[in-house]
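Visitor: One letter stands for each residue in the lines below.
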Amino acid sequence: MQNRSADFKRQVTIKLADTRLQQALSRLQSRFVEGRTAVISEIHDLQETRDAAAMIRDRALDNLDHWLLHFEAQATRRGAVVHWAETAEDVNRIVAGIAELHGVKTATKSKSMVSEECGLNEALEHAGVKVVETDLGEYILQQAHEAPSHIVAPVVHKNKEEISDLFEKIHQLPRKTGIAELCREAREILRPAFLSADMGISGANFLIAETGSALIVTNEGNGRLVTTLPRVHVAITGIEKVVPTLEDVATLLRLLPRSATGQSITNYVSLLTGTKGEGDPEGPEHFHIVLLDNGRSSLLGGPMQEMLRCIRCGACMNHCPVYQNIGGHAYGWVYPGPMGSILTPLLGGMENAPDLPNASTLCGACSVVCPVKIPLPDLLRNLREKQLVLGMKPRQETALLGIWAWLALHPRLYALATGFIVRFMKLLGGREGLLHKLPGASGWSDGRDFPAPQGRTFRELYRQRKHP
Amino acid sequence: MNARERILARIASRKPDSDALGHHLATHPRGPQPPVPCDLKKHFAERARKLSSDVVEADQLSHAPGLIADYLQQKMLPMQGVCWPALADLPWLEAGLNIEARPARDRDLVGITGAFCAIAETGTLLLLGGELTPASTSLLPETHVAIVHPHRIVATMEDAWELLRREFGTPPRTVNFISGPSRTADIEQTVTLGAHGPYRVLVVLVQSAI
Amino acid sequence: MRIGLFVTCLVDSIRPGIGFAAIELLEAAGCEVVVPEQQTCCGQPGYNSGDSKMARALALKFLAEFESFDYIVLPSGSCAGMIRVHYPELFKDDPEQLTRFIALGTRTFELTDFLHRIAKPEKMPGTFKGRLTYHDSCSGLRELDVYEQPRALLAGMPGVTLNEMVESTTCCGFGGTFSVKYGELSTRMADNKCRHIVDTHAGTIAGGDLGCLLNIEGRLRRNGDHATRVLHIAEILAGKDM
Numbered sequence: 001m002q003n004r005s006a007d008f009k010r011q012v013t014i015k016l017a018d019t020r021l022q023q024a025l026s027r028l029q030s031r032f033v034e035g036r037t038a039v040i041s042e043i044h045d046l047q048e049t050r051d052a053a054a055m056i057r058d059r060a061l062d063n064l065d066h067w068l069l070h071f072e073a074q075a076t077r078r079g080a081v082v083h084w085a086e087t088a089e090d091v092n093r094i095v096a097g098i099a100e101l102h103g104v105k106t107a108t109k110s111k112s113m114v115s116e117e118c119g120l121n122e123a124l125e126h127a128g129v130k131v132v133e134t135d136l137g138e139y140i141l142q143q144a145h146e147a148p149s150h151i152v153a154p155v156v157h158k159n160k161e162e163i164s165d166l167f168e169k170i171h172q173l174p175r176k177t178g179i180a181e182l183c184r185e186a187r188e189i190l191r192p193a194f195l196s197a198d199m200g201i202s203g204a205n206f207l208i209a210e211t212g213s214a215l216i217v218t219n220e221g222n223g224r225l226v227t228t229l230p231r232v233h234v235a236i237t238g239i240e241k242v243v244p245t246l247e248d249v250a251t252l253l254r255l256l257p258r259s260a261t262g263q264s265i266t267n268y269v270s271l272l273t274g275t276k277g278e279g280d281p282e283g284p285e286h287f288h289i290v291l292l293d294n295g296r297s298s299l300l301g302g303p304m305q306e307m308l309r310c311i312r313c314g315a316c317m318n319h320c321p322v323y324q325n326i327g328g329h330a331y332g333w334v335y336p337g338p339m340g341s342i343l344t345p346l347l348g349g350m351e352n353a354p355d356l357p358n359a360s361t362l363c364g365a366c367s368v369v370c371p372v373k374i375p376l377p378d379l380l381r382n383l384r385e386k387q388l389v390l391g392m393k394p395r396q397e398t399a400l401l402g403i404w405a406w407l408a409l410h411p412r413l414y415a416l417a418t419g420f421i422v423r424f425m426k427l428l429g430g431r432e433g434l435l436h437k438l439p440g441a442s443g444w445s446d447g448r449d450f451p452a453p454q455g456r457t458f459r460e461l462y463r464q465r466k467h468p
Numbered sequence: 001m002n003a004r005e006r007i008l009a010r011i012a013s014r015k016p017d018s019d020a021l022g023h024h025l026a027t028h029p030r031g032p033q034p035p036v037p038c039d040l041k042k043h044f045a046e047r048a049r050k051l052s053s054d055v056v057e058a059d060q061l062s063h064a065p066g067l068i069a070d071y072l073q074q075k076m077l078p079m080q081g082v083c084w085p086a087l088a089d090l091p092w093l094e095a096g097l098n099i100e101a102r103p104a105r106d107r108d109l110v111g112i113t114g115a116f117c118a119i120a121e122t123g124t125l126l127l128l129g130g131e132l133t134p135a136s137t138s139l140l141p142e143t144h145v146a147i148v149h150p151h152r153i154v155a156t157m158e159d160a161w162e163l164l165r166r167e168f169g170t171p172p173r174t175v176n177f178i179s180g181p182s183r184t185a186d187i188e189q190t191v192t193l194g195a196h197g198p199y200r201v202l203v204v205l206v207q208s209a210i
Numbered sequence: 001m002r003i004g005l006f007v008t009c010l011v012d013s014i015r016p017g018i019g020f021a022a023i024e025l026l027e028a029a030g031c032e033v034v035v036p037e038q039q040t041c042c043g044q045p046g047y048n049s050g051d052s053k054m055a056r057a058l059a060l061k062f063l064a065e066f067e068s069f070d071y072i073v074l075p076s077g078s079c080a081g082m083i084r085v086h087y088p089e090l091f092k093d094d095p096e097q098l099t100r101f102i103a104l105g106t107r108t109f110e111l112t113d114f115l116h117r118i119a120k121p122e123k124m125p126g127t128f129k130g131r132l133t134y135h136d137s138c139s140g141l142r143e144l145d146v147y148e149q150p151r152a153l154l155a156g157m158p159g160v161t162l163n164e165m166v167e168s169t170t171c172c173g174f175g176g177t178f179s180v181k182y183g184e185l186s187t188r189m190a191d192n193k194c195r196h197i198v199d200t201h202a203g204t205i206a207g208g209d210l211g212c213l214l215n216i217e218g219r220l221r222r223n224g225d226h227a228t229r230v231l232h233i234a235e236i237l238a239g240k241d242m
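Protein chains in written order, with the working numbering: chain A, 1 to 468; chain W, 1 to 210; chain Z, 1 to 242.
Worth flagging that the hints you see were computed from the coordinates, not collected in a lab.
Incorrect hints may have been included.
Stated by the list, open to error - DEER-style ranges, computed between Cβ atoms: (1) A:18 <-> Z:99: 46 to 56 Å; (2) A:47 <-> Z:89: 32 to 42 Å; (3) A:165 <-> W:78: 14 to 24 Å; (4) W:78 <-> A:169: 51 to 61 Å; (5) A:172 <-> W:107: 17 to 27 Å; (6) A:467 <-> Z:85: 48 to 58 Å; (7) A:20 <-> Z:199: 15 to 25 Å; (8) Z:99 <-> A:142: 24 to 34 Å; (9) A:30 <-> Z:34: 47 to 57 Å; (10) Z:34 <-> A:394: 33 to 43 Å.
What the hints assert, rightly or not - Pulled from the structure, derived: some chain A residues nowhere near chain Z, Cβ distances all over 10 Å: (11) 12; (12) 179; (13) 416.
Even glycine gets a Cβ: it sits at the ideal position worked out from N, Cα and C.
For reference, chain A alone in the conformation it holds in the complex:
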């Protein structure tokens, strides 16, 4: 997917003015935030479980080569073929190759953010394979030619009227207005696609080294359909998704759905191992697993490794006051919210996402809810440090902060300067005691007054009081 993160600031303006989006976002916030709160307390010892989950992910990441090799060996033993992809283009080439090898003309696909990273659908269409997205949200987006705006609820930015209009236009059926009716219409339209597809494409929430399995969590059942009915199954996922054992995944699954959608468990958790067994009436004859690096390996062993713990629940964005106000599209790439503000510059190039690490108040709401305890604000701050080293910070900002720090290290001059500034600002504030314009800081004063200082600094008043 093309990276449009550099356009962040302009997108913010557009998104803040989009009243339909604002309504949709407030709905997301209430459903997902309250939903999580309601079920997360079911976990007997939440902090202990989060610690265990973080440790599980760290164990996987610290020895990623070991677990992936073990995974590969087990998967291969069960008849799967494991492919290694360094880049998005590699994934597209590999999957197109698989399609060609097995004479695939049509494919059904369940939700995969990694495939969004790669722009797989376009690549396959180009190779002559008809791809149908089957997750309801992703199907809607495919028909509307839009990108997901949330990693769990991809179509959160659209309301049901927009979807009614879209379905009426593309399905050529009488307009449905109820949500249940819209869902049934999509079910009936998509059923034949499921039944006739040559290939099913899925992601994988986890890879289990112990058994060589891919595990997917879904609610709609489309994930089960695309991995059961077609004769070829391709699972695409990032190299970091491996965990050692089934018990490890059990711990993670106690947290993932609760953090994501406020469900104690998703409707379906499917563990897919190898090709169909002897005598099995169904299941794929060919199972290909594509492991994507795409920059992930560069995070290992460094200060950003903790980001690779991410299990893609979306809790960080659901709880982020920035995401809550602008939605996912403003972030410009596949992953929005706090996790996206870290992954986008790291995987897509620092220079292509100059705003994302800075567009956060570091309020910490994300790290409190992260099921695998990723210190997201620390990582954002770390990226800001990287930007400084790379010379990406605006000159004015670094100059002003430099002057401030220099003054702060020279208390006498600091006292002089602040003493002057507070008097000047008090004057500007007038009788109202408010500054309506801040020269050089219109970002503040375009939307807010600035309460004028009292006119004397604390240090002056304190000294006066001590030595009257």
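Given the structure of chain A, go ahead and fit chains W and Z onto it with the hints provided.
Guide: Below, chains W and Z without anything else, positioned relative to chain A:
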């Protein structure tokens, strides 16, 4: 070097301790788990109902078809469908049901399965795909009925994995944890039951295997 | 107890009264309060902009000025969090300094946290009468677990009725330089906060961090609300709210 070798070179462990890793695989230690409920069956039924499954109880297996027929009648659903070949011998006809023992097809409206086990913590069924236990039976029809023996209800997913390891060694191609009817909340985050899978799930808890 | 009070740069420049209120509260609780006069800024602006070098220099300055006190108290959760949580991170590769910063951190408290958990005064000097609502600033809340403390202190004031706003723990949008660099976004976040404040009909909003309070007051006034009072918790507790 090919892509595989290049990726592996980049992710090579800095301090590999293969003994410790091997030990972790061999012992597959568990993380924190909730306390085991004293009545697994009751807990399972409560949790399953919470996730919109219907739950009924039968004294013995041969009574299951009658209960299923009552349920279908009550919901005004068709009295016909498919069941796992493993359940072919139940007295379906006597209960007024026309049930074929074969994998489900698109137009089948009722699919009847057993379960490998069930999990009390979340009210979840665990089904293994196989020759006599096709996965499509619990997926394509609009109504999924699962016959579960209470002695196969375990406390947690960890217990289920342990049972799977003990009885099967390695997992079959498809292992499905099912927790209620399929659903979507993609449109306006409003939960709607019956997305691509069943609209309803009936769990029949059967006391005795006869 | 000998307390080193760090008033913070914002209080020093903009609302000195908060510093005096803090002194009064600490003295009323029986503490000896010293205000080192060379104090300036804790270094958070530079730190949050990615300039760790600058932050380290100011951290060392802070250490030199405050290390000798029994406790260090700040009328700001944000600056207290900087000292307690982030100073040690800045020196994680320097074991000798790290030990000193950890020791410093464990003796550093946000004002209400210190009053509630350590000083435990019997009575607050303030006599505030009426309703107010409370905004929980992010760093104090999430880095220092300051939530119950101000509420407990307010509960000890017979005239105070606390009307909780919805989402009192959601960020107001200040975020230091964020408030200028992403002004539009920051303003929207402040606006949401102001809406929740006004909805309580409390008439007074209190908080523990001047940065957030300036942001909230600035937006309230721009919205034409000149009636809602915006006060630091120290001002209310000390009776400096007039």
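Visitor: All hints, please: hold or fail.
Guide: Now for the hints, and whether the structure bears them out:
The beta-carbon spacing between residue 18 (chain A) and residue 99 (chain Z), approximately 52 Å, falls within the hinted interval of 46 to 56 Å. Separated by about 21 Å at the C-beta atoms, residue 47 (chain A) and residue 89 (chain Z) break the suggested range of 32 to 42 Å. With their beta carbons about 34 Å apart, residue 165 (chain A) and residue 78 (chain W) fall outside the hinted range of 14 to 24 Å. For the pair residue 78 (chain W) and residue 169 (chain A), the beta carbons lie near 34 Å from each other, so the given range of 51 to 61 Å is not met.
Our hint of 17 to 27 Å for residue 172 (chain A) and residue 107 (chain W) holds, since their Cβ atoms are close to 23 Å apart. About 36 Å separates the C-beta atoms of residue 467 (chain A) and residue 85 (chain Z), a value inconsistent with the hinted range of 48 to 58 Å. With their beta carbons about 23 Å apart, residue 20 (chain A) and residue 199 (chain Z) fall inside the hinted range of 15 to 25 Å. Separated by about 58 Å at the C-beta atoms, residue 99 (chain Z) and residue 142 (chain A) break the suggested range of 24 to 34 Å.
With their beta carbons about 48 Å apart, residue 30 (chain A) and residue 34 (chain Z) fall inside the hinted range of 47 to 57 Å. Roughly 39 Å separates the CB atoms of residue 34 (chain Z) and residue 394 (chain A), a value that falls within the hinted 33 to 43 Å. Annotated as non-interface, residue 12 (chain A) brings its C-beta within 10 Å of a C-beta of chain Z; the closest such distance is 5 Å. At the 10 Å boundary, the C-beta of residue 179 (chain A) stays outside the reach of chain Z, the nearest C-beta of that chain being 27 Å off.
Distance to chain Z confirms residue 416 (chain A) as a non-interface residue, since its nearest Cβ pair spans about 12 Å, more than 10 Å.
When the structure is compared with the earlier hints, violations turn up for hints 2, 3, 4, 6, 8, 11 and for no others.
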